[in-house]
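Spelled out, the chains give:
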Amino acid sequence: MTAIALKSLRRAFGSFVAVKDIDLTIEDGKFVVLLGPSGCGKTTTLRMIAGLEMPSAGQILLDSADVTYVRPRDRDIAMVFQLFALYPHMTVRENLAFPLENERLKRAEIERRIADTTAMLRIDHLLNSRTGGLSGGDRQRVALGRAIVRQPKAFLMDEPLGTLDAEFRELMCIELRKLHNRLRTTTVFVTHDQDEAMALADHIVVMKDGEIQQSDTPEGIYTFPATMFVANFIGRPPMNFLTVEGAVQAGATDVQVAGQAVKIPTLRGSAARAVIGIRPSQLRVSDTGTLAGKIVAAEFFGSHQIATLTTDAGTVKVETDRNARLTPGQTLRLRLETERIVLFDAESEKLLASDTSLARAFGGYHG
Amino acid sequence: MLRSATPLRGMTDRTLAWLFIGPTILLLLAFNLFPLIWTIILSFTNYRANRPSAAISGVGFDNYSRLMNDEAVWGYLQSTAHFVVGSIVLQVALGFALALLIDKKFRGHSFWTTAILMPIMLSPAVVGTFWTYFFQPQYGIFNYIIIFFSGVENFTMLGNVNLAPWAIILVDTWMWTPYVMLLLLAGLRSIPPYIYEAAEIDRASGFRLFFRITLPMVMPFLVLAVLFRLIENFKMFDLVNQLTNGGPGSATELASINLKRQAFEMWRTGYSSAFAMLLFVSIYGLSNIVVRYLEKVKQR
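So the protein sequences, as listed, match chains A and B. Going left to right, the first sequence walks through residues 1 to 367 as the numbering used here numbers them. Going left to right, the second sequence walks through residues 1001 to 1300 as the numbering used here numbers them.
Derived from the structure by calculation, the hints contain no laboratory data. Everything numeric in this text was worked out from a predicted model, so none of it was measured. The beta carbon of each residue, even a glycine, is placed where N, CA and C say it ideally should be. Mixed in with the good hints there might be a few duds.
[Claimed, not checked] Heads up, incomplete: computed chain B residues facing chain A, CB under 7 angstroms, no partners named:
#	residue
1	I1040
2	P1193
3	A1198
[To be verified] Reference excerpt, derived from the structure (chain B facing chain A, CB under 10 angstroms, subset only):
#	residue
4	R1208
5	L1294
6	V1297
Same shape as in the complex, but just chain B (with noise of 0.2 angstroms):
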């Protein structure tokens, strides 16, 4: 017994501190930064993923000027930004109202709570099926609805190239709102109440009282809220995948979408590595310049 518990008695704490974060590197290595690497080297070449046996070139910079000379980029771009943009302003706002609604104590409190974070419970294929049942044009309940109140007839959601659009937005909104919520609603618990005492004695009006306190003291959770939508909806996928699969035309085409049909539709894989890289590449500043305003907001 005591003969082998010798060595590890006599390992160093170095020794002791790569055991227990070599697993770790090892699996982040294995699936992070090998694959970051291979795709980097991918996006030069001309390698299609379905004839693995035919021959590679390299092909420099040919698959990345394509990528910017190609308009219909800038429209999946664009498709995207108009989701984030939009998901994020309106999960925002209501997120905000709802946060300020449940940070009043009321009877059932906790009831509605809960109720409204069932969203975020569901997965978002099952989300994104039955919002397609939702809004069928025949039966969906929720075509039923603007029809009954609007009058319209023959109202149609997913198959409107103007509307398509802020379905997306409006789903990924009604899944999302109670995360962002969440999120604020730690930021106004943050806030100590003699502060609203202090504003109060100070005669504060009620706007002035949100927009120079509530609103500046919940920033830096704002900003995380924004954060992590802004990361989670530029690759947004799945939801997108199920009600719309990118129509109608190429109406909700988002990046990533394209991006999918490139890589195992065409099976185009140095150029869709490429195309992986410039999202990579604008997640990442993206990203970059909200950290740097949240460490701002955080600093004071």
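Isolated chain A, as found in the complex (with noise of 0.2 angstroms):
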């Protein structure tokens, strides 16, 4: 059970930063996700907090004891490799039991602890098959297993499931939670995909050219994403911007896009330039919405519709009916729920706060 602190944490590769001065908190217990395309510095972050990186500045506290500088070893903390990092020579027994040797642990707990993992993560009938021989999902289990057989203060796990199928892939999304909720170890989970983090995470950290774009939980960055570079990376469909026509002023309650006014949760910042944010599934179609598309495609998805419309404030996606008749060249009328509708500043691509951004913010929004 370990809290753990990044403070101005940097690292450079020549000219090359790859970790730009971030600092992050981790809560005790908590199930983190560095989420960010790749090259964001996402591993790199997790490598150094392991100790298999060492940062170029900065500080990495666990507990609030200074490891910055300090060996892997010495900081009692267990990793999931993304290619699992097996010992290919030894069984599945003696890759589990393989850290508690190093810790000098009685052949009796040693026993008790394996026993324990492998029916926890039901890889018991495996012990004494060589890891080689593995299929992929229970080549994941064994490197989960030497992990949690360990007790370590923290899990550090590098996009682990990247080398599975997709459809195994979500059953062993749903099997770490389940391991989490149960364990209620920290762990650091990376991934570049967005449907791991929001099935998995307590609290995802968005990164992006080794900075931290936003830190929240996945309700936050779905609903009031930081950035533009957040809207767009998460959800799919990603969130559609809207051009508004003028500047925006603190205490705007509604914008003009494409010569209509819309309703806008009330503003408490203000922009030169602002650009509307808003779900594709936050966008009603009715005959008396205020913007008006041209049908140029649609997707058929089977619980429901993707219509993509060319508008004079820009291309918008629309999640609708799955029964609506869509046919490329009809109009259709949109309607924007102001509930749900973000700004950010043109210029700078930062979210404008709102009424609803920072109810939500002092915990007063709950939607």
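From these two lone chains plus the hints, build me the complex, please.
Structure representation (structure tokens):
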């Protein structure tokens, strides 16, 4: 049970700065996902927490003990690697026993822990097989077992589901979450897959170019993305952006979009140029809608359809009823759900504060 | 043009295959299989190669029974065993140490790798010749160094019955340790870095890291190195022939050296054929054991 704190953590490889002075506090017992596109510095951050990579500057605290330059072995953390990193010449039992033997535990204690762990992960039937012949999923479980059996302060996982096929990945997500609910060990999980992040995390940290874009709950990230990058990175399809005409002022309750007034939550920030962000699921097809658009494409997803429309404020995607008739060329009118609208400063691409975003920040928002 | 191409086009895959492997098979038959069979046949006769016109008569297993009852032969085999075991142990130990050193990245890394590999590029006869000079009692540099540091007078390596067997091991080790190093280096490089990272996270001590991770994962390469050196040194001839020619006395009279003496100095062709068969069966059996072990370590 450990809290992890990163303070102005920096890692440079020559002139390339992979991690740019990030600050992050990971609360004890939380499942935290570092999410971002490849090259965003998430794996480097994880490896610095593990001690496999030395920071160029900054501090890493485990339970307020400074471990910045402490060897990995002295940090008491366990790691699950992307390629599993099982010892190929050992059986499953030997793989699990290895870290425990290193700690010089008693034989009986080792046996007991292995039995507990393998029962939990349902790999007890594999104990005597070599890891080379195992399927990807079983290897994943063994790698997980090798981390769990240690009872470490924290788990670090570097895209551990990346090599599994989609179907199995979903299954492992559920198992991982169940496991975490049971063990409550602080976990830092790295992935580029937003579905994994959403399914697993108590807390998501979105990274880009070595910087933290947003650190929030999955709901917070989804409803109030801190930047346009996050808005575009999360959600499938991503958030729509509609150009606002003219400047916006604090206190405004409506803005001009494509020549029409659109009601928005009362603004608490101002910008010379602004952009409305709204999820495809929060646009309603309605004859009284304020925004008119022409259908250019429609995709059927079984439970719903996604229509792509061109409007005077830009291209938008709309989630519609599965039975709706969508013919390319047809014009639809869209109504924007005021409560769900967010605004971004078009210059800085950052979220503009509004009554709804502030209410949530102070715990008053429920939706 | 088209006409001459037709028969080629009409050839079956099978014919074509035979055309390709035919020459190799012929060469193998002529230079490997035929001499082997011929040696087996000769080993049951009293044939002498320096008297081709003398009558040849079959002697049954006489050559073999003489061989088996000859205590000197066991002595030669013992010398060979001493040489093989001593050189392999030294070469593997030193080769492993060198490989571990070279595996680390440091300045002038490739220069030192090439420098270490130099001995294998030399011909064994050349190596034998210049080490004979090194070991020369009067002006040999090796003897000079030993005398300088130990104060022993009249030190001689090749002339001493107890030291000469170690002298040939020393030279062979000097020459072939780089080769073993190269194989083990390939083994070390085949271990992915994340395995070491995992072991570090798993808190393995340096001792356990070496014996539970590095050594087992390099094992297939190590066994391969042992196999190659075993076969090579079991039939070691050129280097030792050059250095000691079996002396002093018969201190370094390896089986292979004695075999040459029996066959081409005493011209006991039948007897030496039987001797050759004995060596052949021994090395075949030994290699087989090592190969089986190799298969076992490779499986995991």
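Tested hints:
no., hint, result
1, I1040, "violated (42 angstroms)"
2, P1193, "violated (9 angstroms)"
3, A1198, "holds (4 angstroms)"
4, R1208, "holds (6 angstroms)"
5, L1294, "violated (14 angstroms)"
6, V1297, "holds (8 angstroms)"
Comparing the model with each earlier hint shows violations of hints 1, 2 and 5; every other hint is respected.
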